Amino acid sequence: MNKTLSLHQDLKLLAVFFLLTVQFGAFGGEEAKRPSGSPTGADKAQQDKGLSVLADKPSLSRRIDQAVNLTHLGPGMPASRDEEFLRRIYLDLIGRGPTVLEICAYEGRLAASPGSSSLARSELIDDLLARGEFSRYFAKVLEVMITERREDNISMMGFRGWIQGWLGERRPLNELFLEVLAADGTAADSRPAAGFILNRNADPHLVSRDLGRIYFGRDVQCAQCHDHPLVPDYKQSEYFGLFSFVNRSYLFMDEKRGGAQLLGEKGEGMTEFASVFRPRDGKKVAQPMLPMAIAVDAGPESAEEAEAYLVAPGKDSRAVPRHSRRQQLAVLATHPENDCFNRNLANRLWAVLMGMGIVHPVDMHHSENPPASAALLRLLAEGLVDCGYDLREFLRQVARSDAYQRSVEMPDLRPWAGPLGGTAALQVEVAKLSENLRGLDPIIKSLDAEVSLVTQRLQGYQSDFNRLQQRREEARKKGQQLGEQRDKEKAALAALQANRAREISLIKALKAAAQETDKAIQLKSGDKELAANRAQLDSRIATADKARAAIDEQLPRQGKVVDQAGRLAEDQRLQVLALGDRRLALGEFAAEARGALRRLQRQRQEQQDRQADLRQQKERIGALQSWLSLRDKARTFAAAGRASEAAALEIQLGLVQESLFETWRRTFSLRRVRPLAPEQMAGATYAALDLGRSVREKALADWRASKKDTAEREDEGKRKAFVEAAIADHMWGALEKVVMRRFSAPAGAPQDGFFSTVDQALMMMNDPMVQNWLKASQGNLVDRLVALEDPDQLARELYLGIVSRQPDARERAMVRDLLARHAGERAVIVRELVWGLLASAEFRFIL
Amino acid sequence: MGRRLFMGEFLSGVAAAAGTSLFSHPLGAGEITKRGKSVVVIFLDGGISQFESWDPKSDLETGGPFKAIPTTVPGVHVSELLPLTARQMHHMALVRSIRTDLDDHGLAKNIIRSGRTTRSATEYPELGAAVARGLERDGFPLPGHIRTMLEGEGGRVNNAAYLGPRYAGVSVGAQKGGIVNTRLPDGMTVTADGRRHDWRRFANERLSGRVRTAEINAYTQCYEQALRLMERRDLFDISREPLSTREAYGDSEFGKQLLLARRLVEQEVPFVEVNWGGWDFHHNNFEFHLHYVSEFDRHFAWFIADLAQRGLLDRTLVIVMTEFGRTPRINTGFGRDHYPKAWSIALAGCGIQRGAVIGRTDPKGIEVTDRQVDHRHLFHTYLRAVGIDSSGEFDVAGRKYPAADPAFGPIEELLA
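Chains as they are written, first to last, in the numbering used here: chain A, 52 to 898; chain B, 147 to 562.
These are calculated hints, taken from the structure and not from any lab test.
Remember, it's a predicted structure, so these values are computed and weren't measured experimentally.
Just so you know, even glycine gets a beta-carbon here, dropped at the ideal spot from N, CA and C.
Treat the hints with care, as some may be off.
To be verified - Quick partial rundown of chain B residues pointing at chain A, CB under 10 Å, derived from the structure: (1) 301; (2) 328; (3) 362; (4) 369.
Claimed, not checked - Covered stretches of chain A, as calculated for chain B (at least 3 residues, CB under 8 Å): (5) 411 to 422; (6) 457 to 469; (7) 476 to 490; (8) 885 to 897.
Given these sequences and hints, build the entire structure.
Take a look at the structure:
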């Protein structure tokens with residue numbers, strides 16, 4: 052492997068030219084997306100036909116290496132040692148280091164068939180991916196990625212458990228991300244999925260920001276109040292595009308479910324925004340839209356507000372809209388057509404295994420922060436889609452690549468002859484790159500012009516749409532008033548009718564009284580009082596009759612008023628619907644413009660990717676050139692016997708070499724030393740100290756006892772799952788919780804940074820809990836080590852157990868010496884030995 | 147590999163080592179001028195009344211019973227409850243025109259501490275974290291962001307947001323306390339401790355012979371820093387002060403914490419916060435302020451005088467912070483309620499125009515009538531006063547975060 056790369060240096064340069072030719076030969080074409088790959092050894096045969104037959108394209112891992120090698124201009128980079136690979140792959144896939152037994156088994160496998168290291172590595176990758184421990188660990192990785200340790204409503208354990216189940220069933224990863232946006236927290240089995248939004252308390256600004264960051268790798272928060280001051284790609288309209296998808300969702304506390312927080316969603320509501328820097332530009336109406344012009348046209352909305360809902364919002368009812376923007380978002384955000392989603396997810400998963408994204412930071416995808424290799428990012432995103440978002444398959448391909456398996460050790464450049472053809476060839480290469488870059492400029496410019504034309508067109512439709520929307524809104528408000536007027540008139544009519552009925556019954560009662568009075572007068576004629584009563588009754592009957600007559604006259608008039616008000620209201624309602632339909636019709640052209648815009652943006656992205664790759668290749672060649680010329684100068688001085696000048700140049704050379712190595716790390720031809728993530732830190736500590744031994748035995752006994760007479764007892768898979776769950780629980784309580792708090796960034800902050808704090812060191816040094824881990828008990832590491840008589844054997848177990856490798860002679864001697872000098876304190880010394888290795892950088896980092 | 151080479155890698159190394167590399171730090175320019183600067187925040191939690199402190203009014207309806215008295219700065223008056231502080235006014239400056247519009251304690255504290263308009267307590271770093279990051283110096287053994295308490299050993303507070311736990315507040319007890327885990331585990335001798343660290347250093351040798359990175363360096367250095375911190379744990383013990391000093395600072399909780407703050411400032415700790423809770427007088431505002439402000443006056447005035455006479459005040463910014471003011475209207479219980487529309491804070495020491503008074507309110511204290519400012523301007527001003535470019539950015543593992551709200555700026559006329 053060492054040889055192949057340098058030998059084929061010239062071929063590689065040819066390959067670069069070839070790639071460029073392809074890029075220009077087929078502008079935007081399908082085959083242009085695929086880098087030709089570097090012709091390294093075994094890959095060569097495959098590479099030869101790689102372009103001709105798409106169906107036969109090499110595996111993703113091969114193509115990764117082709118893309119990585121294409122950018123690499125240095126000598127061949129060594130692969131990691133077996134013990135390094137072993138620790139690395141265990142930590143990356145199952146979150147802990149290998150046990151001493153597992154290391155021995157792997158060594159045995161290698162010893163049994165020498166020369167099969169590569170095959171053994173692939174088998175081990177498959178073995179780890181098939182384990183239950185993989186689902187358990189990657190549930191943590193994805194939980195940290197998605198909720199960033201927020202726990203406001205859905206517990207960390209709940210969310211992890213849900214993901215673990217999903218991974219156990221091997222369901223596609225994009226659907227998991229879909230479910231996370233779609234879930235509303237009601238369904239018992241998928242409630243935790245709503246944690247992404249619920250744990251951000253459905254705060255629309257927070258959710259918009261993290262939707263941009265976590266789903267599309269675009270931190271557009273700075274564009275909330277104005278276009279991003281530093282990143283021209285991040286527009287305020289993009290921020291509000293995301294915002295409009297999520298701002299109708301709100302937190303609803305359901306008393307009937309014990310006060311559980313759920314997501315409700317409103318069926319209406321527009322958002323307007325204005326720049327704080329340019330308030331005079333006025334307000335714009337936000338359109339629900341994702342990056343790359345992915346949007347939906349507003350659905351047919353009803354004329355009446357109440358019709359916007361399946362369940363109307365209320366104090367005790369969780370609103371469910373007829374057309375849910377969040378459900379639409381869930382599909383659009385995670386669809387294979389969504390390039391931003393694919394690139395972001397591929398980049399984030401790559402960063403999990405490689406310690407740094409191709410785009411870094413992972414949430415800063417934009418043209419001012421180009422990927423270290425756009426070709427690599429492109430093929431990873433395609434690979435992720437091609438494998439159906441199968442997490443295991445994707446990780447398998449990454450882990451199998453040479454890029455993953457390379458060493459962290461910096462190569463010795465002294466014996467390297469330099470690239471074939473020397474600086475002259477590089478000079479030619481730079482000239483060609485510059486020429487190609489110049490050729491790209493007009494293409495990108497014309498694409499930019501087209502993009503801005505179509506954007507304007509789309510904005511035209513949007514403002515037409517907005518105008519209609521506003522008219523419709525006004526008409527709807529007027530319709531509401533008219534409806535109220537109609538109801539008022541109806542009420543007036545009803546009141547008249549009620550009055551009439553009252554008058555009639557009054558007249559009836561008065562007439563009855565008059566009859567009674569007449570009867571009394573007949574019996575007692577001449578009674579003045581009765582006569583007066585009778586006269587009074589007559590006059591009251593007359594008054595009531597008059598009133599009734601007046602009402603009778605009024606009634607038909609009011610009937611007409613009611614009819615008229617009803618007609619007006621109905622006309623208005625129909626007009627609102629009509630305006631709505633007109634508005635919908637615009638969708639036809641808007642959708643077409645969006646499609647065109649998306650195609651153009653894709654083309655521009657491709658050209659931008661190429662531009663970035665060419666530029667960066669040019670820079671890399673520049674770095675190599677300056678190193679080479681310095682080295683040649685130093686050699687000349689040395690040959691001429693000018694030692695002091697040569698020495699001064701050597702120092703300078705060293706500095707330049709450092710930056711050369713850093714470019715190689717950045718392009719993944721040299722691996723970067725990574726710190727353990729908090730979860731790996733916990734898992735590695737627990738496994739190294741073997742703290743779960745007694746738990747395992749107890750869990751096995753529990754299993755046997757509880758499944759005594761059932762067939763389940765013999766089900767190895769279930770038994771394993773049972774034991775692993777018991778150990779995971781114990782690990783959480785014994786140390787993971789504390790380690791996580793101490794070693795992770797605060798909830799809600801990006802979780803991929805490295806923090807080394809004094810309080811972490813103080814905890815490792817002095818915390819009683821850590822001292823407790825070091826107590827010998829029931830066959831744990833310290834217990835086993837104390838029992839070992841032979842210091843060399845002790846040293847071996849110690850090093851294998853904690854840093855997964857054998858001690859070297861110097862280390863063995865040191866262990867021997869310490870034990871011999873403090874023979875009376877053997878147990879104390881063993882604890883110190885274990886502690887020192889746990890506190891060592893070798894344990895804290897992944898090589 | 148020589149040291150020079152290692153430094154080269156140090157420079158090119160990942161910025162992820164979060165601040166260990168001052169060189170790649172966009173705010174690193176002018177490092178020398180920042181040496182040794184400190185910020186002390188005295189947080190009067192609950193909301194001190196501006197009428198009974200920094201902005202007294204003679205208005206019959208709103209002014210309350212206390213008079214205004216002159217200070218050492220001609221023309222500047224404060225409440226008569228602050229007679230000793232009035233004599234330190236030439237070291238101080240006042241801002242009387244703050245309007246923030248949030249009257250909930252929690253929310254108001256979030257914005258005043260972070261200098262941003264946010265509803266979340268954890269979205270943005272607090273001033274202490276920003277100062278700890280901005281004034282960070284290589285190899286400094288003490289935490290850069292300390293919150294004092296009276297007793298006990300405290301831990302880390304979650305208030306640094308994206309700047310990371312390295313800059314989060316560490317709680318430190320002024321007596322019988324210090325920092326958690328700074329004592330050796332039970333039963334461990336000093337000899338054994340030295341032995342285990344020698345072994346740890348030895349265990350690092352093989353790796354450092356193969357690869358060196360800024361992150362590995364930061365990690366191994368943390369243990370050495372922890373050891374230096376343990377050696378200096380007496381710093382946190384105010385009983386080490388001479389009796390006369392302890393008496394001068396007084397026996398109250400506030401006085402003891404101010405004494406600890408002074409010890410920390412002497413050690414050039416970038417940020418110290420002394421928190422005094424309970425300033426929320428919806429009833430009997432005047433009686434309570436008579437007690438509270440008088441006690442504040444006694445200790446605060448001594449603290450300023452002591453810093454000045456020890457030459458510390460020229461490199462220390464002291465901020466008397468609170469989350470909002472109190473209503474001009476005096477309620478039926480003789481109390482004043484929450485009032486974010488027009489209130490004051492006081493500053494002293496480093497980087498400010500001493501004797502300055504910024505802004506004013508109307509004679510009844512209802513509205514700001516001149517030079518209205520809010521939490522965002524103040525945050526910029528604090529940073530600038532200790533030499534941190536508030537329009538700059540903090541680079542955290544490649545992500546760039548504005549040091550303060552980029553749509554705002556400092557109160558320039560308050561800056562020295």
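**chain B over the region 411 to 422 of chain A, status - at least 3 residues with CB closer than 8 Å** = Coverage by chain B holds for the region 411 to 422 of chain A (4 residues, Cβ < 8 Å).
**Prompt:** Can the hint on residue 301 of chain B be confirmed by a CB-to-CB distance to chain A that is less than 10 Å?
**Reply:** This hint holds: residue 301 of chain B lies near chain A, its Cβ roughly 7 Å from the closest one there, short of 10 Å.
**Asked** Holds or violated: is the Cβ of residue 362 of chain B closer than 10 Å to a Cβ in chain A?
**Response** 5 Å, holds
**Request:** Against chain A, run the beta carbon of residue 369 of chain B and see if the smallest gap drops under 10 Å.
**Result:** 5 Å, holds
**Item:** Verdict on chain B covering the region 457 to 469 of chain A, where coverage means 3 or more residues with a C-beta closer than 8 Å
**Value:** With 3 residues close enough to chain B, the hint holds.
**Message:** Taking beta carbons only, do three or more residues of the region 476 to 490 of chain A come closer than 8 Å to chain B?
**Reply:** violated (count 0)
**Item:** chain B covers the region 885 to 897 of chain A, three or more CB atoms within 8 Å, holds or violated
**Value:** holds (count 9)
**Item:** residue 328 of chain B as chain A interface residue, shortest Cβ-Cβ below 10 Å
**Value:** 6 Å, holds
In this structure, only the earlier hint numbered 7 is contradicted, and the remaining ones agree with it.
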